[in-house]
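Undergrad: Here is how the chains run, residue by residue.
2 protein chains.
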Amino acid sequence: MADKKLVAEITSMDEDFTQWYTDVCIKADLVSYSNIKGCMVIKPAGYAIWELIQKHLDARFKATGVQNAYLPMFIPESLLQKEKDHVEGFAPEVAWVTHGGLEPLTERYCVRPTSETLFCDYYKGEIHSYKDLPQVLNQWCSVVRWEKETRPFLRSREFLWQEGHTAHATFEEAEERTQQMLNVYADFLENDMAIPVIKGQKTDKEKFAGAEATYTVEALMHDGRALQSATSHNFGDGFAKAFGIQYAGKDNQLHYVNQTSWGLTTRTIGAMIMVHGDNSGLVVPPKIAPIQVVVIPIQQKKEGVLEAANKIAESLSAFRVKVDETDRTPGFKFAEQEMRGIPVRVEIGPKDLEAGKCVLCRRDTREKIECAIADVPTKMAELLDQIQNDMFDRAKKHLQAHTFEAHNKEEFAEAFKETKGFVKAMWCGCRECEDKIKEEFNVTSRCIPFEQDTLSDKCVICGKPAKKMVYWGRAY
Amino acid sequence: MADKKLVAEITSMDEDFTQWYTDVCIKADLVSYSNIKGCMVIKPAGYAIWELIQKHLDARFKATGVQNAYLPMFIPESLLQKEKDHVEGFAPEVAWVTHGGLEPLTERYCVRPTSETLFCDYYKGEIHSYKDLPQVLNQWCSVVRWEKETRPFLRSREFLWQEGHTAHATFEEAEERTQQMLNVYADFLENDMAIPVIKGQKTDKEKFAGAEATYTVEALMHDGRALQSATSHNFGDGFAKAFGIQYAGKDNQLHYVNQTSWGLTTRTIGAMIMVHGDNSGLVVPPKIAPIQVVVIPIQQKKEGVLEAANKIAESLSAFRVKVDETDRTPGFKFAEQEMRGIPVRVEIGPKDLEAGKCVLCRRDTREKIECAIADVPTKMAELLDQIQNDMFDRAKKHLQAHTFEAHNKEEFAEAFKETKGFVKAMWCGCRECEDKIKEEFNVTSRCIPFEQDTLSDKCVICGKPAKKMVYWGRAY
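In order, the protein sequences belong to chains A and B. Take any residue in the first sequence, note its place counting from 1, add 126, and you have its number in this note's numbering. Take any residue in the second sequence, note its place counting from 1, add 126, and you have its number in this note's numbering.
In short, the hints are calculated from the structure, not lab data. Be a bit skeptical, because a hint or two may be false.
Intra- or inter-copy, both count: the list cannot distinguish identical chains.
In silico DSSO-like pairs for lysine-lysine, Cα to Cα no more than 30 Å straight-line [stated by the list, open to error]:
(1) Lys494 <-> Lys325
(2) Lys413 <-> Lys505
(3) Lys523 <-> Lys535
(4) Lys543 <-> Lys437
(5) Lys250 <-> Lys163
(6) Lys274 <-> Lys208
(7) Lys181 <-> Lys437
(8) Lys564 <-> Lys522
(9) Lys333 <-> Lys546
(10) Lys413 <-> Lys181
(11) Lys274 <-> Lys250
(12) Lys188 <-> Lys413
(13) Lys153 <-> Lys188
(14) Lys428 <-> Lys376
(15) Lys427 <-> Lys188
(16) Lys437 <-> Lys274
(17) Lys494 <-> Lys153
None of these values were measured; they are calculated from a predicted model.
Extracted from the complex, chain A is given alone in its bound form (with noise of 0.2 Å):
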C-alpha cells in the first residue's frame, strides 16, 4: 500500500471530479503546466497517444479520398474579416502578430485559430472549372485561441487537431462530405476510443461561426458533463460568396463552390481519461494504447525469472508491449502501470515459471487470469479485443444510464439540480427558449439528434407546439 501510494495519489473521482482530472493528467505523465500561460507541454505519454490517434483517423480519412496539406500559420487581418460571422465569432480570441524582427508589420497577423479562411485564399487560386472539383483537404497542426480558463486537453490556448477542409461544385455533394466525415468521427470515437457518441446537428445558436449546418458528435463523460468530441460543417456557398471562389461548369457558367469542414483536437484524450479513467488513474482503451501490455518480473533477481520475462515479451511482438526490468518493487510497477492505464499487465515470477504459466491481469476490471506461458499470445490478442470491447459496452450503459427525459419544464429543472448526463427534452425551435434554458439552469443544447423521438408535442420551456427533440446537458 505504501508502493501504491507512491504513484497513485490522487484525488478520488467522486470526491473532487475537476481535481481527479487534473491529478491523472499530471500524475500519469501526460502532461505539464508550462511557464507560458494557458498553454500545456504534451509529454511523451501524452502524445503517443495522440500519435495513434491521429494514426488510425488520418487511415480513416485517407480511405474517403482525403489528402493531407499545410498552410501557413499566420491570417492577415483583412483575410480574417472577409467573411463577416467567421470573424465575428474568431476575433475576439485570437493571438496577434504586429512586428516581424525587428519590423513593425504593415498589416497584423494573427495566429490561425481555425484556417477556413486560409483555405479560401487558397482554392479561389486553385479552382476554375469543374474539373478542379472536389477538393478534399487535411491539415494537422496547432492552433490558438486566446482563452481565459484553460484545462489540460479540454481548453488550452494553444491546441493540436487536424482540420479537413473541402469545396464541391453543389450543396449536395458538400452535405455528403459533411455526414460522411461525422460518420468517421462517430465509427473512430466508438471504435478504437471506446466512447459511445450521440449524432447530431448544432442549432442555430450553438452552429460554427459562418456554417450553414454544424453537426456534432457528443460523448458523455463519468461526471455527467457532456464533451463535444467532433465536429463536422456544411458551409454553402457563405464563405465562396466571401471570397468569390467560383468554377466554370460544365454548363459554361461560372458557379459558387460549396464548402465543408471538420476538426477533431486534444480534447479527445481528455474526453478519453474522463469516460475510461477511475480511482487508480487512465484507463486507456487497447488500440490507441502506445503500451499494450507491461510484463513485470516477480522476484526478478531469482533465476530465470527475467529471462523469462523478456520471452514471453518477445512471444507477444504483434503487440505494444514493454518489459519493466526496473530495480522498484513488483507493488510500485502494478501501481504505475494501473495509473497509466496500460491494458493488460503480465506477472511472471519463479512459482509461475515452475508451472509453466503466468498470471494476465486486467487493468479495466482487474481480473486476473491465469495463463500457460504458450498459450500467452493467443490469449493476449482476444483479450486486448475483449479489453476494448467491454470498455464500449460500459461506457455505453453508462450514457444510456445517465440520458433522462423531462416531459415539462418541472421534469427538465428536477433533472438538472445536479449534473447527472443528458436530457432529452422537446423544443420549439427558437432562439429564446434556447437562451432561457442557458439562463435558468446553465445548461447547453447539446444537439440535435439525427434519432428523434417524440417525447411530447409542447416544447418544455413556452409550451408551443414542438419541432425538434434536444440533447440537453452541461458541457466542458
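Guided by the hints, dock chain B onto chain A, whose structure is given.
TA: Structure of chain B alone, referenced to chain A:
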C-alpha cells in the same frame, strides 16, 4: 510533343537553374505561393513526400530511444533572453505576438524560431536527479523566422521541421548523442533520399547560436551549390547554466546537465529536387516517393486494357501504386509522370496485352524494359531497388566530380570563379581568414570534415601553419 508542352513548360536547368527550381516546385504541384508574404502552401504532392520523410526519420529516431512530445509555440521575451548568444542569434528574425484577443500582453511572446529555451524551461522542472537522465525528446512542428528573401522549401518565414532536444549527465554522453543523431541524418539522407553527404563540424563562425559544437551534413546540389541538410549541436552546459538545470548525482552533489539539439527541415525536399531533378521535372527516390509506380493504359477503350492495367496495379499492392484512368492522352500522362518524378511507369496497350507483357519505364534513366505481366511484381521490387541505388551512385559521382582541391590562394580563386562545387582547402583556424574568404570570394566554410586530408601545411589565405582541411562552398 504538344502534350508534353502542356505539362512540361519548365525552364531548362542549364539556362536558369533558379527558375528551373521554381518551375519544378510549382508545376509538380509541390507548393503554391500563398498571400501571406514569405509563407508557402505545401500542396498534397509536396506534403506526401514530407510525410514519408517523417515516417522514415521518426522510425530511426525511435530506434535510438527518442520520444516525441509537444511544447508550446510561444516563447516569452524574457525566456528567449536567458541565453545570451542564443537571443543574439534569433531575436532579429522572430515574429512577435503583442495581443491576445482584445488585450495587450503584459510581456510579448515570440513565435518559436527554435525551442531550446522552451525545452530548457521544461527540463528545469523535470530533472532533479541522475535518475531523470537522459531526457531524449523530439517534436515535429513548424517554426517561424522572419526571412527577407524566401524560396519554396529552401527559405520561408514558416517551415516544418523536427527538433530534438536532449539532456545528459555528462559532456561525453551529450557528445555521443550529438554524433549519433548526425549519423542518423547521414544514414537517412544517403539511404532514403539517395543524397550523399559530407559529415563534419562547423567552424566557430558558422556554428549555432549558443552551441559548443555544431555538426552538419552538407550536400551538393546539381548547380554546384552546397545545402546544409541537417545539423546536430552539443551545447555542453551553457544552456543549463543560463537556465539553472541541475541534477543531484550519485555523488549527492548538484551538477549541470549537458544538452544537445538536432534538426532537419522541409528544405530536405528542396535538396531532393536539386540533387535528382532534370529538365523534365522531379525525380523522386523510390523510398520516399508517395507514388512509386503509375500504370498507364494505352488505348484504354480497347477491350481488356483497363482491366489489365488494374490487374497489374493489384499485383503491385506491396508498392505505392496507382492507375491513371483519366481521359487524357497517354503522352500527357507520360509527361505528367515525368514531371512528378514517379520512379516507374508501366505502359500496357492492346498489343502488349495480346503478347502477355507490358513495358516498364524508369523515370531516372528513361530506360524501357519489356516484362511479362506475370513477372511484374518481382521485377518491380528489383527495379525500385536498382533505381534507388543508381540515383545515389549518380549523385555521389556528381559530388566527387565537383569537389576540387586548392593548394593556394590562386587555385582557390580560380576554383570559385564559377560555382562548380566544393573546394577543399587548408585553413589556419582563425576567424580573420574565414571572414576574408567570405568577403573576397562570397564563399563560406561548409564544414571541417571528419575525413581529413593534408593538402599542404599552409593556410590558403594567410600562409600560416594550417590546422584543418575545410570544405568551402557557395550555399543555399
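Undergrad: Hints first: check each against the structure and report whether it holds.
TA: Now for the hints, and whether the structure bears them out:
With identical chains, the CA atoms of Lys494 and Lys325 are never at most 30 Å apart, being 36 Å at best within one copy and 54 Å at best between copies. For the identical chains of this complex, Lys413 and Lys505 are intra-copy neighbours only, at 16 Å inside a copy versus 37 Å across copies, given an alpha-carbon limit of 30 Å. For the identical chains of this complex, Lys523 and Lys535 are intra-copy neighbours only, at 26 Å inside a copy versus 82 Å across copies, given an alpha-carbon limit of 30 Å. For a Cα distance limit of 30 Å, the shortest separation of Lys543 from Lys437 qualifies neither inside one copy, at 55 Å, nor across copies, at 64 Å.
Taking the shortest alpha-carbon separations for Lys250 and Lys163, only the inter-copy value of 17 Å comes in at or below 30 Å, while the best intra-copy value is 37 Å. In the homo-oligomer, the alpha carbons of Lys274 and Lys208 lie at most 30 Å apart both inside one protomer (26 Å) and across protomers (27 Å), since each shortest distance falls under that limit. Taking the closest pair of Cα atoms, Lys181 and Lys437 come within 30 Å of each other both inside a single copy (29 Å) and across two copies (29 Å). For the homomeric pair Lys564 and Lys522, the shortest alpha-carbon distance inside one copy (27 Å) is at most 30 Å, but the shortest distance between copies (69 Å) is not.
In this assembly of identical chains, Lys333 and Lys546 lie within 30 Å of each other by CA distance solely inside one copy; the values are 24 Å within and 60 Å between copies. In this assembly of identical chains, Lys413 and Lys181 lie within 30 Å of each other by CA distance both inside one copy and across copies; the values are 11 Å within and 20 Å between. Only between protomers do Lys274 and Lys250 lie at most 30 Å apart by alpha-carbon distance; the minimum there is 26 Å, versus 35 Å within a single protomer. Both within a single protomer and between protomers do Lys188 and Lys413 lie at most 30 Å apart by alpha-carbon distance, with minima of 19 Å and 20 Å respectively.
Taking identical chains as interchangeable, the C-alpha atoms of Lys153 and Lys188 lie at most 30 Å apart only when they sit on different chains, with a minimum of 24 Å there against 35 Å within one chain. In this assembly of identical chains, Lys428 and Lys376 lie within 30 Å of each other by CA distance solely across copies; the values are 27 Å between and 78 Å within a copy. Proximity of Lys427 to Lys188 under the C-alpha cut-off of 30 Å is restricted to the inter-copy arrangement: shortest distance 29 Å between copies versus 49 Å within a copy. When the C-alpha separation of Lys437 and Lys274 is checked against a cutoff of 30 Å, the pair qualifies neither within a copy, at 51 Å, nor between copies, at 58 Å.
For the homomeric pair Lys494 and Lys153, the shortest alpha-carbon distance inside one copy (25 Å) is at most 30 Å, but the shortest distance between copies (61 Å) is not.
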